[in-house]
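J.: This is what each chain is made of:
2 protein chains.
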Amino acid sequence: MTTISSFVCGRWQTGSGDRRSLHDPSTEAVLGHVHTGGVDLAAALAFARDTGIKALAALGWRQRGELLKALASKLHEHRDELIGISGSNGGNTRGDAKFDLDGMTGTLAAYGNLAATLPDGPLLLDGDGSQLGRTPRFWGRHVLVARPGVAVHVNAFNFPGWGMGEKMACALLAGVPVIEKPGTPSALLAHRIAQLVVDSGLLPPGAFQFVAGSVSPLLDLLGPMDCVAFTGSSATGTIIRGNKNLVRNSVRVNIEADSINAAVLAPDVDFGGDTFAQFVANVATDITQKAGQKCTAVRRIVVPDDRLGDVAEALLERLRATKVGNPDDGDVRMGPVASAEALATVRAGMQQLLAVGEALLGGPQPIADKGYFVAPTLLRARDAGAEVLHALEVFGPCATLIGYAGKAADAAALVNRGGGGLVASLYSDDRAFLDVAVPALAPWHGRIWIGSEKTQGQALGPGAVLPQCVHGGPGRAGGGEELGGLRGLSFYLQRTAVQGDRALIGRVCGEPSTQAGSP
Amino acid sequence: MTTISSFVCGRWQTGSGDRRSLHDPSTEAVLGHVHTGGVDLAAALAFARDTGIKALAALGWRQRGELLKALASKLHEHRDELIGISGSNGGNTRGDAKFDLDGMTGTLAAYGNLAATLPDGPLLLDGDGSQLGRTPRFWGRHVLVARPGVAVHVNAFNFPGWGMGEKMACALLAGVPVIEKPGTPSALLAHRIAQLVVDSGLLPPGAFQFVAGSVSPLLDLLGPMDCVAFTGSSATGTIIRGNKNLVRNSVRVNIEADSINAAVLAPDVDFGGDTFAQFVANVATDITQKAGQKCTAVRRIVVPDDRLGDVAEALLERLRATKVGNPDDGDVRMGPVASAEALATVRAGMQQLLAVGEALLGGPQPIADKGYFVAPTLLRARDAGAEVLHALEVFGPCATLIGYAGKAADAAALVNRGGGGLVASLYSDDRAFLDVAVPALAPWHGRIWIGSEKTQGQALGPGAVLPQCVHGGPGRAGGGEELGGLRGLSFYLQRTAVQGDRALIGRVCGEPSTQAGSP
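These protein sequence lines map, in sequence, to chains P and R. Residues in the first sequence are numbered from 0 upward in steps of one, following numbering that gives the first Met the number 0. Residues in the second sequence are numbered from 0 upward in steps of one, following numbering that gives the first Met the number 0.
If you are wondering where the hints come from, they were derived from the structure by calculation, not from laboratory data. For each residue, glycine too, the CB sits at the ideal point set by N, CA and C. Take these hints with a grain of salt, some might be off.
Computed cross-link-like contacts, DSSO-like style, restricted to lysine-lysine with a CA-CA straight-line distance of at most 30 Å [stated by the list, open to error]:
hint, chain 1, residue 1, chain 2, residue 2
1, R, Lys406, R, Lys453
2, P, Lys322, P, Lys369
3, R, Lys243, P, Lys406
4, R, Lys406, R, Lys97
5, P, Lys322, P, Lys97
6, P, Lys97, P, Lys369
7, R, Lys322, P, Lys243
8, P, Lys406, P, Lys453
9, R, Lys406, P, Lys53
For the chain R half of the interface with chain P, some residues (derived, Cβ under 10 Å), not all of them [as the list claims (entries may be wrong)]:
hint, residue
10, Leu30
11, Gly31
12, Val214
13, Asn242
14, Leu425
15, Asp500
Computed, partial: chain R to chain P, Cβ under 7 Å [claimed, not checked]:
hint, residue
16, Thr116
17, Pro118
18, Pro121
19, Thr134
20, Pro135
21, Val246
22, Ser249
23, Pro438
24, Ala441
25, Ile447
26, Ser451
27, Thr454
28, Gln493
29, Gln498
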């Protein structure tokens with residue numbers, strides 16, 4: 000039995016106040032506790048500000064990159080131990096656990112590698128310069144510089160490894176100290192990762208703090224250089240973004256929230272071909288992987304009306320073959336959802352969807368006496384336009400087949416009714432279909448994934464969030480943007496225009512050709 | 000006597016409800032009225048959505064750019080008429096009026112010219128692509144696409160021409176229809192500009208609407224693809240950003256607000272040299288130009304302690320020579336502030352500053368029987384650390400001399416106490432001073448302007464906002480970002496990652512090398 004502690008001001012501390020239990024979602028056994036209060040958040044913030052900022056700034060971009068790579072290696076050494084905790088505290092199969100943990104180390108390493116291209120000085124050049132006066136002597140250029148503030152990361156329960164890792168990677172490379180708050184249901188895994196980060200001794204004092212419990216009071220203490228990155232529900236995201244202190248101080252807030260992601264099958268895709276095979280495999284994976292608890296998982300399967308039967312048959316074959324149970328059993332391919340609350344919410348959501356459709360497989364009914372299990376569930380919508388289909392994210396192993404007449408513009412309009420999403424996937428080898436669908440979907444999505452014959456065997460599915468591409472989406476998805484290579488750093492950086500004598504500002508901004516040794 | 004009307008849903012309409020008078024700030028004569036209500040804002044929004052978005056999208060980037068250039072020419076044809084209105088309704092000298100109006104046409108034309116580099120299709124490429132899978136076949140790249148929403152622009156009273164023009168330029172080039180709300184005290188000029196825009200017939204239906212009166216109710220109607228760009232006080236900015244509907248729908252909000260801009264003189268600058276001359280000229284201009292009603296104007300003059308006397312003497316000589324009065328008189332070099340409210344606020348602010356300093360010239364006392372006149376005012380702080388110096392923007396012809404010991408780090412720390420600003424100017428030819436000051440100031444400022452010997456005669460002063468460089472600042476300044484060349488479009492665009500077969504997504508995203516005629 001573990002009581003989750005917090006690492007603040009350079010030492011581990013146990014909280015106080017209300018206590019929440021952490022469970023094995025397969026057995027409902029209590030594995031540990033977390034206190035919601037008792038951590039001196041003002042002291043944590045001061046420690047990050049007074050100690051962490053300077054320590055990170057002193058390292059420079061490339062050395063911080065080296066630390067990220069070393070951290071990735073160190074965490075990878077403990078992969079098997081972490082997979083075990085991911086199974087017991089998260090209900091994750093071995094595959095699900097690796098998806099989270101390898102995502103974490105891979106993203107940390109990717110940002111570590113990006114750093115090799117960065118300069119010695121504190122300023123990153125942004126774009127080309129431009130002439131501002133009558134002659135080229137008066138010149139302007141833009142630089143990016145670390146904001147001397149603190150990053151508060153409010154992480155989701157579904158990816159305790161990857162979620163924390165991707166946020167940390169960007170902030171720490173930018174030179175901004177982090178305060179990480181884990182999602183409570185899976186806090187045991189996050190806690191163990193935090194212990195490994197601390198024990199590695201790699202990060203300088205104040206660069207990394209870990210608060211198990213509420214960080215709400217911290218939001219009232221942040222200033223103009225600080226930032227908050229949140230992943231979770233739209234409802235909580237709205238509360239954070241509306242926080243009076245954050246609004247008043249122009250504190251940057253990034254939100255990744257609900258997303259009713261869609262997969263669209265184009266009419267050109269033949270039943271037997273590679274494109275169709277990817278479509279079925281990816282949709283089935285999204286329904287069952289992590290028991291559907293992925294912010295990028297497909298919730299709406301948008302298929303030409305006359306293909307609904309074929310698609311249903313192919314998906315049902317896959318889903319029926321998915322063994323559900325305690326991931327301790329090696330044959331199991333789908334575990335439980337993460338908590339009793341999650342189970343209740345998923346069941347209630349399925350009931351809402353059933354009001355406008357029918358279950359072809361699964362549904363909200365209990366499938367086990369113990370544990371937060373729910374069946375892989377495939378629904379078919381009676382009315383493609385029903386509001387709830389496009390507005391309710393059921394965060395579990397559940398997706399709904401929705402028909403459309405076969406035109407790209409109609410499919411895009413249906414998908415866009417989601418009000419802003421993280422990812423839309425398109426399966427087509429028809430350039431004309433894509434030429435309509437991509438520009439129509441793009442404004443409403445952070446990412447568009449295109450499956451075609453040539454991507455067979457080459458591509459990670461649309462559910463994978465890669466460090467090279469942005470993650471986030473407009474509207475309901477929170478309007479945020481993370482990752483995307485160096486773009487992921489910009490949330491932690493200030494862009495500043497520098498204007499003056501061209502040669503002088505070139506030297507001050509660290510233009511390579513103006514440094515010592517060059518004319 | 001004019002009653003300012005609104006142009007919505009394709010026709011001019013007079014509002015109703017509460018009526019506010021517009022004055023000649025030199026004579027206090029009533030020139031016109033504006034009604035705060037009575038415009039059907041929901042209908043205006045629907046018109047922009049249903050008509051404006053499609054019409055602008057149909058044009059494409061380059062044709063929209065051509066329209067901006069044509070609009071700039073058309074408005075420039077009416078320059079003299081507009082200068083006249085700027086004098087009577089804004090109290091602007093001819094020079095002040097040109098600063099606003101040429102800024103407007105120059106920025107419209109600059110964005111028109113930028114469009115020549117943009118593609119035929121709807122997608123702008125963003126950065127390079129990257130390999131996402133085991134082979135280069137699975138590829139990712141980022142595109143920018145117009146968000147099919149409406150831009151609500153809430154403009155400030157001080158730049159009725161430039162402010163509206165720079166916001167319009169970016170939105171319209173991006174393909175987003177605008178609803179422009181002018182600052183009330185100078186709405187006569189904005190209204191005339193709007194008439195010229197409408198009468199030009201250049202913009203397609205729904206692309207441009209003009210609402211004289213409150214747009215607050217509009218904020219409750221906006222959705223995920225819409226956006227609000229506001230220039231004005233921090234207090235109003237905070238209300239807008241905190242609006243529940245905007246928060247809930249992740250509506251993008253850009254705010255340009257208070258900024259206690261600073262000019263820093265470095266110890267290396269000799270009294271008689273070119274750098275010193277620029278420093279004095281620019282600071283004096285910022286105090287007197289537009290009677291100090293520029294968001295970029297210097298409010299804090301940060302000078303080595305042992306140079307305070309020299310600097311005061313040089314500035315006083317300039318300020319004493321500035322003739323204040325009705326700009327109808329051609330000898331006048333500084334007009335009144337814009338309204339009775341502005342005058343009262345400026346006087347009250349000066350009183351607050353006088354609690355921690357002394358007036359070397361001017362002050363809050365009345366200098367005329369009629370009109371909203373205030374004297375050019377130079378204060379000297381008794382205590383460089385006094386909070387009010389760094390927190391209160393007195394939006395009039397007033398700046399305060401503040402001493403520092405001569406070290407770059409100390410000057411930067413003092414300036415950064417402003418809590419985030421639009422621009423800091425530095426006057427130095429000492430690389431060592433700049434190497435410390437620039438990186439220290441950069442995170443807290445949207446722009447740094449460096450005056451050195453070589454910029455003499457070459458440079459517009461730090462008060463000028465140029466389309467090539469970003470305008471905005473963190474924290475108190477609102478956390479916004481406008482302009483900066485194509486960067487200025489990004490507020491109106493969605494960035495989307497497109498993933499798939501490299502050749503296929505290259506064609507769909509409009510990579511030049513993949514278009515018809517290439518292999």
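J.: Against each hint, give a clear statement of whether it holds in the structure.
T.: Right, here's what the structure says about each hint:
Distance check on the hinted pair: Lys406 (chain R) and Lys453 (chain R) sit about 23 Å apart at the alpha-carbon level, within 30 Å; holds. For a cut-off of 30 Å, the pair hint linking Lys322 (chain P) to Lys369 (chain P) stands: about 16 Å separates their Cα positions. Restraint check for Lys243 (chain R) and Lys406 (chain P): not satisfied, since their Cα atoms lie roughly 37 Å apart, outside the 30 Å limit. Note on Lys406 (chain R) and Lys97 (chain R): the hinted pairing is violated, with a Cα-Cα distance of about 39 Å set against a maximum of 30 Å.
Distance restraint check for Lys322 (chain P) and Lys97 (chain P): the Cα-Cα separation of roughly 18 Å lies within the 30 Å cut-off, and the hinted pair is therefore satisfied. Straight-line distance between C-alpha atoms of Lys97 (chain P) and Lys369 (chain P) comes to about 25 Å, which keeps the hinted pair within the 30 Å bound. Between Lys322 (chain R) and Lys243 (chain P) the CA atoms are separated by roughly 45 Å; this puts the pair beyond 30 Å, and the hint is violated. The suggested pairing of Lys406 (chain P) with Lys453 (chain P) holds, with an alpha-carbon distance near 23 Å, which does not exceed 30 Å.
In summary, the hint linking Lys406 (chain R) to Lys53 (chain P) is supported, as the alpha carbons are separated by about 19 Å, within the 30 Å threshold. Given hint, Leu30 (chain R) at the interface with chain P, is violated; its Cβ is 36 Å from that chain's nearest Cβ, farther than 10 Å. Given the 10 Å rule on beta carbons, the hint for Gly31 (chain R) is violated: about 35 Å separates it from the nearest Cβ of chain P. The restraint placing Val214 (chain R) at the interface with chain P is violated, with a minimum CB-CB distance near 19 Å, outside the 10 Å limit.
Taking 10 Å as the C-beta cut-off, the interface hint given for Asn242 (chain R) holds, the closest approach to chain P being about 9 Å. Restraint check, Leu425 (chain R) versus chain P: the minimum CB separation of about 8 Å is within 10 Å; hint holds. Look at Asp500 (chain R): its Cβ gets to within about 4 Å of chain P, closer than 10 Å, so that hint holds up. Against a cut-off of 7 Å between C-beta atoms, the interface hint on Thr116 (chain R) is violated, since the closest Cβ of chain P lies about 12 Å away.
About 12 Å separates the beta-carbon of Pro118 (chain R) from the nearest beta-carbon of chain P, more than 7 Å, and the hint is not met. Annotation: Pro121 (chain R) was flagged as interfacial toward chain P, and the flag holds, the nearest CB pair being 5 Å apart, inside 7 Å. A distance limit of 7 Å between C-beta atoms decides the matter here; for Thr134 (chain R) the minimum to chain P is near 6 Å, and the interface restraint holds. Restraint check, Pro135 (chain R) versus chain P: the minimum CB separation of about 9 Å is more than 7 Å; hint violated.
Taken as an interface hint, Val246 (chain R) checks out: its beta carbon lies about 4 Å from the nearest beta carbon of chain P, inside 7 Å. Contact between Ser249 (chain R) and chain P, as hinted, is supported at the beta carbon level, the nearest pair being about 3 Å apart and thus within 7 Å. Hint status for Pro438 (chain R): holds, given a least beta-carbon distance of 5 Å to chain P, under 7 Å. Residue-level restraint check for Ala441 (chain R) holds (minimum Cβ-Cβ distance to chain P is 4 Å; threshold 7 Å).
Using the Cβ-Cβ criterion of 7 Å, the hint placing Ile447 (chain R) at the interface with chain P is satisfied: the shortest such distance is roughly 5 Å. Interface restraint check: Ser451 (chain R) against chain P, minimum CB-CB distance 5 Å, threshold 7 Å, status holds. Taken as an interface hint, Thr454 (chain R) checks out: its beta carbon lies about 5 Å from the nearest beta carbon of chain P, inside 7 Å. Below 7 Å, beta-carbon pairs count as interface contacts, and Gln493 (chain R) has one with chain P at about 4 Å; its hint therefore holds.
Taking 7 Å as the C-beta cut-off, the interface hint given for Gln498 (chain R) holds, the closest approach to chain P being about 5 Å.
The structure fails to meet hints 3, 4, 7, 10, 11, 12, 16, 17, 20 from the earlier list, while all remaining hints are met.
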